[in-house]
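Asks: For chain A, the structure is supplied; the task is to place chain B on it using the hints.
For the protein sequence lines, the chains are A and B, in the order given.
Mapping of the first sequence onto my numbering: residues 1 to 380, in sequence order.
Mapping of the second sequence onto my numbering: residues 381 to 570, in sequence order.
Among the hints, a few may not be true.
[Said to hold, decoys possible] Straight-line C-alpha distance at most 25 Å; calculated DSS-like pairs for lysine-lysine:
| no. | chain 1 | residue 1 | chain 2 | residue 2 |
| --- | --- | --- | --- | --- |
| 1 | A | Lys307 | B | Lys548 |
| 2 | B | Lys527 | A | Lys307 |
| 3 | A | Lys181 | A | Lys295 |
| 4 | A | Lys353 | B | Lys494 |
| 5 | B | Lys566 | B | Lys494 |
| 6 | A | Lys64 | B | Lys566 |
| 7 | B | Lys566 | A | Lys307 |
| 8 | A | Lys307 | A | Lys64 |
| 9 | A | Lys64 | B | Lys494 |
| 10 | B | Lys548 | B | Lys492 |
| 11 | B | Lys548 | B | Lys527 |
| 12 | B | Lys527 | A | Lys354 |
| 13 | B | Lys426 | A | Lys301 |
[Said to hold, decoys possible] Incomplete in silico selection of chain A near chain B, CB under 7 Å:
| no. | residue |
| --- | --- |
| 14 | Gly56 |
| 15 | His59 |
| 16 | Lys64 |
| 17 | Asn68 |
| 18 | Leu228 |
| 19 | Ser229 |
| 20 | Trp242 |
| 21 | Ala247 |
| 22 | Gly311 |
| 23 | Glu312 |
| 24 | Val313 |
| 25 | Tyr327 |
| 26 | Val329 |
| 27 | Arg340 |
| 28 | Arg342 |
| 29 | Gly350 |
Derived by calculation from the structure, the hints in this document are not laboratory data.
C-beta: ideal position from N, C-alpha, C; glycine also.
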Amino acid sequence: MFEVESSTRIERSSVMPGTEELIINMGPQHPSTHGVLRVILRLDGETVTDCDCDIGFLHRGTEKIGENITYTMFIPYTDRLDYIAAPSSNLAWVTAVEKLFGWEIPMRAHYIRSLVAEFSRISSHLLWLATHALDIGAMTVFLWCFREREMVLDLFETAFGARLTVNAFRLGGLFQDVPQKFLDLSQEFADLFPGRIGDYETLLTDNRIWLQRTRGIGVISADDAIDLSLTGPVLRGSGVRWDIRRAEPYAAYPYLDFVVPVGENGDVYDRYLVRIEEMRQSTRIIQQCLAQLPKGPVSCKVPRTIKPPAGEVYHSIENPKGEFGFYLVSDGSETPYRVRIRPPSFVNLGGLKKLVLGGLVADVVAIIGSIDIVLGECDR
Amino acid sequence: MPDEAQSNGQEEGSAPAAAQAPPAQDLRELVEREYAGTILEQSAYKDMADEATLVVRLDALPQVGSLLRDHPSARFRLLSDLTAAHFPAEERPFHVVYHLYSFDHNRRLRLKVKAHEGEQVPSVVSVWSGANWMEREVFDLFGVSFKGHPDLRRILLPEDWGSHPLRKDYPLEGRGERVYTKPRRKEYGE
Chain A
1 MFEVESSTRI ERSSVMPGTE ELIINMGPQH PSTHGVLRVI LRLDGETVTD
51 CDCDIGFLHR GTEKIGENIT YTMFIPYTDR LDYIAAPSSN LAWVTAVEKL
101 FGWEIPMRAH YIRSLVAEFS RISSHLLWLA THALDIGAMT VFLWCFRERE
151 MVLDLFETAF GARLTVNAFR LGGLFQDVPQ KFLDLSQEFA DLFPGRIGDY
201 ETLLTDNRIW LQRTRGIGVI SADDAIDLSL TGPVLRGSGV RWDIRRAEPY
251 AAYPYLDFVV PVGENGDVYD RYLVRIEEMR QSTRIIQQCL AQLPKGPVSC
301 KVPRTIKPPA GEVYHSIENP KGEFGFYLVS DGSETPYRVR IRPPSFVNLG
351 GLKKLVLGGL VADVVAIIGS IDIVLGECDR
Chain B
381 MPDEAQSNGQ EEGSAPAAAQ APPAQDLREL VEREYAGTIL EQSAYKDMAD
431 EATLVVRLDA LPQVGSLLRD HPSARFRLLS DLTAAHFPAE ERPFHVVYHL
481 YSFDHNRRLR LKVKAHEGEQ VPSVVSVWSG ANWMEREVFD LFGVSFKGHP
531 DLRRILLPED WGSHPLRKDY PLEGRGERVY TKPRRKEYGE
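Next comes chain B alone, as it looks inside the complex:
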């Protein structure tokens, strides 16, 4: 029931012409007109309008982001969420995921970029300032580095943690970083 209500609300916000086409087809065309060949894949979970996903070429991300933020038919001004997921079996194992929201059109869009191990993802702090801490968190927990980030430091874990816990190869119990051996107290007369 909430799903129905949501998809109804979404359809009202989006253009009626997009009713038959897959979700976000209009946005894909918008981006392709400006920057051809930057959208690599397009999908939507169960064709839900608010689950539309566009996979963007890694180097084109800030340009595509600015376009989607400023173009009057997109206006994705709010970076709702920025996160990542690790798929170690894939050729590009790190998927960095951006959830955008448009107040003007009451619409959501998911952008995604896929990065190699050790590859730098362009930072979107210049597009949405709110990305600052979220990119730091992805850097902290996944070890994905962001190019052009003003202050890329760990945020949740201590500076000297060493590894990145949300990677799939990291064990649930940790690698013994937290083990604390109490220094032996000097005995009297020692």
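So that you can see chain A by itself, here it is in the shape it has in the complex:
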């Protein structure tokens, strides 16, 4: 009996096909890569043993363009970096240039900037939640999130005349004051939105399938996350309570009360919880901005020709994706000498290898979703 069994085993193994590592190509036109990202994966069975990213499909040379146009002309280009949260990119640029000048911005402009930046955070997180859930297989969340995102984009249209590339801010403040209708609609949205976040959570937070797909997936420790320069919700998901709005406050954030949520395990699920809580906190900030909104001018006195003193500054803000900064070198002329965009998506994507290694190929989709990248700003 024993002999028969062992001989069959030998026979079986001799007809088994040889196993070898498989290299598969994800993207650049894969819907779950959120843009034109190509990921090359080396697989042993279903386990990822190596990972390489091919980026740059959307490289437009924005930094080079910035060296050849004036400081004001560059504002619309920042819209096209993180096009999901365009006002945040605008804010990073104008605050960086204002730091170079040392201008005093009127309080009302500060508050409106914070208000609009929080709307852009909500809009970005909604798009992230919609597509991330869709990647993992939840269709309803996608439709619900887009319903609310539509309201935010309508708000942008009311105030700035554009929905996506809003060109919201100007050097020294705002182009003009926002209409009263914008403030009324903002109030309406802020009252309605917390209930809607609750709706998303009923679909996902305790959902067994969602938990299985996200818990313990793509785990990264706080030390590793800092070592890899990860920022934003990815870093906070690992338990590092660091938010530039709180650590180095800009715009009206010194006067606003909000909580910086952090995760514990640093997995996909914790990053999801952090972003959900950030949307709640953003709504709180919006309520406070609307309640405290001071009266007065929305722009300081800006000279006709904008010529900053020679020097260099680095200024970064908390973008929905992470630390979004500008390193500016000025030679005293009308155009910047060097414009460096510090892209959160690019740097966070650099940590992808660490996150996916040793995991399953099906989880790569969930992990890319949880990093929340936008390729326009990654490739610049």
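Replies: Here is chain B on its own, set in the frame of chain A:
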């Protein structure tokens, strides 16, 4: 106004003794104690505390980086940004710029090294892993090579691009790399 708020926040984080001294004087002294003669210049834009800049001797960069990362009075654990700038008129035209952030002291510091054309800059991937892609980007767009980098390849541009667009001598319109001539289709019967 944001500037004021920021500098206030910075001063709280840094030592009160450094209020009169130029920004980052304490860090300069810290580095000089350990590695004498490695800090070549020190500056800060409008004396802002978060714009403190130290120019480091090229070969000492990884040691200075590790010291600033690990020393309890510095703890610059986050490499916030790594980039470069090209100054063709200078003797050492490539300035590689490192923006560090310390969670413990809520403080920023800018390190800078200056390299000759073709000179290799020591890689800091061993100090901060996040430098990997950022150094690849500087290599891609400026042509600055990093010694000890594990995987120095182009990252944004195609492998065969040939030149480095963020150098000042590179024209804004490009050098014709992107010109695509459509191959002539064979006519019927050809």
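Asks: Run through the hints listed earlier and report the numbers of any the structure violates, in increasing order.
Replies: 2, 4, 5, 6, 7
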